[in-house]
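*Asks:* Since chain Y is already given, all that's left is putting chain U on it; use the hints.
Number of protein chains: 2
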Amino acid sequence: MNKIRVGIYGYGNLGRGVEIAVANNEDMELKAVFTRRDPSSVSLITENVPVVHADKAEDWKDKIDVMILCGGSATDLPVQTPALASMFNVVDSFDTHAKIPEHFSNVDEAAKKASKTALISCGWDPGMFSLNRLYAECVLPNGKDYTFWGKGISQGHSDAIRRVEGVADAKQYTVPSEEAMNAVRSGSMPELTTRQKHTRECFVVAKEGADKAAIESTIKNMPNYFSDYDTTVHFISQEELNEKHSGMPHGGFVIRSGKTSENNSHVIEYSLKLDSNPEFTASVLTAYARAVVRLANEGNHGCKTVFDIAPAYLSPKSADELRAHLL
Amino acid sequence: MNKIRVGIYGYGNLGRGVEIAVANNEDMELKAVFTRRDPSSVSLITENVPVVHADKAEDWKDKIDVMILCGGSATDLPVQTPALASMFNVVDSFDTHAKIPEHFSNVDEAAKKASKTALISCGWDPGMFSLNRLYAECVLPNGKDYTFWGKGISQGHSDAIRRVEGVADAKQYTVPSEEAMNAVRSGSMPELTTRQKHTRECFVVAKEGADKAAIESTIKNMPNYFSDYDTTVHFISQEELNEKHSGMPHGGFVIRSGKTSENNSHVIEYSLKLDSNPEFTASVLTAYARAVVRLANEGNHGCKTVFDIAPAYLSPKSADELRAHLL
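In order, the protein sequence lines correspond to chains Y and U.
Just so you know, the first sequence maps onto residues 556 to 882 in my numbering.
Just so you know, the second sequence maps onto residues 556 to 882 in my numbering.
The set of hints was computed from the structure by calculation and includes no laboratory data.
Careful: at least some of the hints might be erroneous.
Partial list, computed: chain Y residues near chain U (C-beta under 10 Å) [said to hold, decoys possible]:
{"#": "1", "residue": "A576"}
{"#": "2", "residue": "H652"}
{"#": "3", "residue": "L686"}
{"#": "4", "residue": "N687"}
{"#": "5", "residue": "E834"}
Computed from a prediction, not measured in an experiment: that's the story for all the values here.
Glycine included, every Cβ here is placed at the ideal spot set by N, Cα and C.
In isolation and in its complexed conformation, chain Y is listed as follows (with noise of 0.2 Å):
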């Protein structure tokens, strides 16, 4: 049987993951990295892969089977994902909430003019949480769901505290209220302020000399990112951040309480915890791009999500052996 041909576009935390996904999957072989880096510069994990410049991906039109976007969703994917839909399968992991009506029709329109089979979105939030919120919204249509995320590190967060005058490093973590959880499991259905869903842990190194009290407070009063928490801030050293605070763990519950009749409630919960963002992010796309391939080969074309793939698509398994070992 021939192996699928995965190309990887764009190869930082999420690229490396996909690279690693791939080799955990039997049925695939990974053919190319695409960068826009000098390819000279970047070196792989696997060996004898080839890294190609961005702008050669069009030579690998016809030696890969499917193409799996690793850029960021604020400006790569919006141009990237339709540009290389006109070319190849493809899977991405858009995450802009907002904008994934507008994302979807361009990826849609430029994957059917090239009869190929693009799918977005991907990942475990929009991913594997979002499948949960409609198989849960499906089965149990009178009732409420709830998304927590964590305790996880927030790049963006992560990021914001970076920028504030005096910080020379930071990390972030979002941390879902076991409170706020339990008063959803009891089938309550809870209205929740967004205070009381999440807070937010701050692990902050201050430049020297640094006013640590204003770092403090601007971190605090930050609209968007922290003023609407309850927010804690640690100043620690770098050492300590880079021992203590290096890895890339994440999680999240999906949580529906809902009523078949009066007298009958019940709780269906998901959770992931996840020790790398990333990776686990990326075995995600890794298990998708499979079933993207086999819509492709069905002639199944134009812009997916995941609540369009039929489950047995994403396995190398055969029909019935799931029927008989899974179900």
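*Replies:* Structure of chain U alone, referenced to chain Y:
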């Protein structure tokens, strides 16, 4: 828009659950309930819905979009699902795991011959738990999954106790071991014996003058049902049994842990906490009934399982709405 016309075949706890679930879904209407009993002896919750003898089902071929089968897996469904799939789109909850391949093949043949769509083995296990086993395995191929059931009433085990000499009535709870679940959640991928995963708790009403020690010993040593488990037997009065143990709660956990790389492991956990096993099962069947009608309308016939159905088919919402609000 025309509502989906649902038929219920078999009117016990599960059938009543489907009746409630159909009422909870605005795009559906209950068209008729089919029973092998004397229809005049059956009264429904819903007003103005006919109760029809099972023998007359064929007369309703053109008046029902999907028939939800609510019989038992031991003797009813192996016969009923293929027979009804030759006249209707159908959904069943067949749960004899070892016989799923045979049942699938029988139903597939009947449904294809009649150009109908059938879904078998739907509910929560098989069903939602199967989906979670599949998704988690695809996303974390280097891992191990564990299914725990309970805390909940097992009908089969309760029945087995009631057959013991001297027993007037009984309820049995399957209880998952917190210790075993925590070992799994730690990511250590333990090997667990049957005894380590679940305990069994029995509430027994003895007949007057019965030998309680003999009853307890017979239960605890019963092969298949109890001898492989740590079992606790409580003797209580019929009044207490009725008062405290008349519900049908259930639930459980599907937990998979796996590694992406040497130092990074991840835990995916799905759990259900159900006040009413039959009402929740019925809610799953009903959501999938919508999917079955859509597949049938697309000409996608034959037998399916939950693995074959894209999640979007379960929802009454449009693809645009799902992308904008749930993704």
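*Asks:* Hints first: check each against the structure and report whether it holds.
*Replies:* Against the structure, the hints:
1. A576: With a closest approach of 7 Å, the A576 of chain Y hint holds.
2. H652: holds, 7 Å
3. L686: holds, 6 Å
4. N687: holds, 8 Å
5. E834: E834 of chain Y check passes; min Cβ-Cβ to chain U is 4 Å, inside 10 Å.
Hint compliance for this structure: every hint is met.
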